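Asker: Sequence:
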Amino acid sequence: MTAERILRFDQAPAELADKWADDDKPREECGVFGVFGSEDASVLTALGLHGLQHRGQEGCGVVSYDGKRFHHERHLGLVGENFSGPDVPRRLPGASAIGHTRYATQGGTILRNVQPLFADLALGGFAVAHNGNLTNSRDLRERLVEEGAIFQSTSDTECILQLIARSRRAKVVDRFVEALHDIQGAYAIVCLTNNMLIGARDPIGIRPLVLGDRDGAPILASETCALDMIGAKFVRSIEPGEVVVATRGKNGEIKLDSHFPFPKRPARPCIFEFVYFSRPDSVIDGRSVYDIRKRMGRKLAQETGVKADVIVPVPDSGVPAAMGFAAESGIPYELGIIRNH
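All residue numbers for the sequence shown refer to my numbering, where the first residue is 53 and numbers rise by one.
Think of the hints as simulated: they come from the structure by calculation, not from any bench.
Predicted model, so just to flag it, every value in this text is computed and none were measured.
Beta carbons: idealized from backbone N, C-alpha and C, even for Gly.
Check each hint, because a few of them may be wrong.
Have a look at the derived ranges for each label pair, beta carbon to beta carbon [claimed, not checked]:
1) 359 x 390: 20 to 28 Å
2) 129 x 309: 35 to 43 Å
3) 313 x 379: 41 to 49 Å
4) 143 x 283: 16 to 24 Å
Using the sequences and the hints, build the whole thing.
Answerer: Here's what the structure looks like:
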């Protein structure tokens, strides 16, 4: 086996080994975040993940790069429980970082599946965080194992790392794009290497990914609410099938390049982003989540003609729809269900 095919994964604490049971159920609602070229990148990433906490509460992680080495932490639990102290910049130094919040739709969460996943490849360190579900991960895993790959997790995201590690392409971006051609399904991905931040969205745009800017530093995030959390400016949504790469030029300036390695296809975003997954103050593909939910409520009132005493929302995602229903129907809007936060 050549050095090109060797993976050295960060290991979880030994005391958590007894929690490493099989955990290969689909995961769809997670949050990803990345920043390139900004001091205290890990602090910005932690704040961004806090803004994406609704997308995943079971686990969280951050990987940073300080110009010489990578630093990585993964934890079970909430962002505020693990990345809120004043020591975060010391623990995770560097001007570039990516992070992830994990939501397990079925089965228990285990530490080895918490992202970002990190590996030392022959071309240098590579960290990846992924929101979505790879529908061909089982076939990919079987093929890679037959070829000699050793998996350290049951996450479908590790297939991406293994594909990149086994690629014979000379450049990291080419290896990444080659891996994208092998995977199928829904994905919004952010990756960090020693000299670049990479973002990618699946060819039909099932999962959201947006580009922001904070004082010249590019930001990638699942939703615009994460940009608001750190005072970043929303630039645009990443297009379906787009790969965006942030690097530094010869004079130290940050460059942003876009690649479109897939044939253009009609966008098919997941309807549940607007119904449930996304935060109401986010903008997805140019549309306000709050406005869409409120319009859905109005449309429902028009179609049903329900006669009722009051309209009561199921918090929290049902609130804008209930407001729209009440406004359209003329039925009073009242709070009848209180969520214990």
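Asker: Now look at each hint and say whether the structure bears it out.
Answerer: Results for each hint:
{"no.": "1", "hint": "359 x 390: 20 to 28 Å", "result": "holds, 25 Å"}
{"no.": "2", "hint": "129 x 309: 35 to 43 Å", "result": "holds, 37 Å"}
{"no.": "3", "hint": "313 x 379: 41 to 49 Å", "result": "holds, 45 Å"}
{"no.": "4", "hint": "143 x 283: 16 to 24 Å", "result": "holds, 23 Å"}
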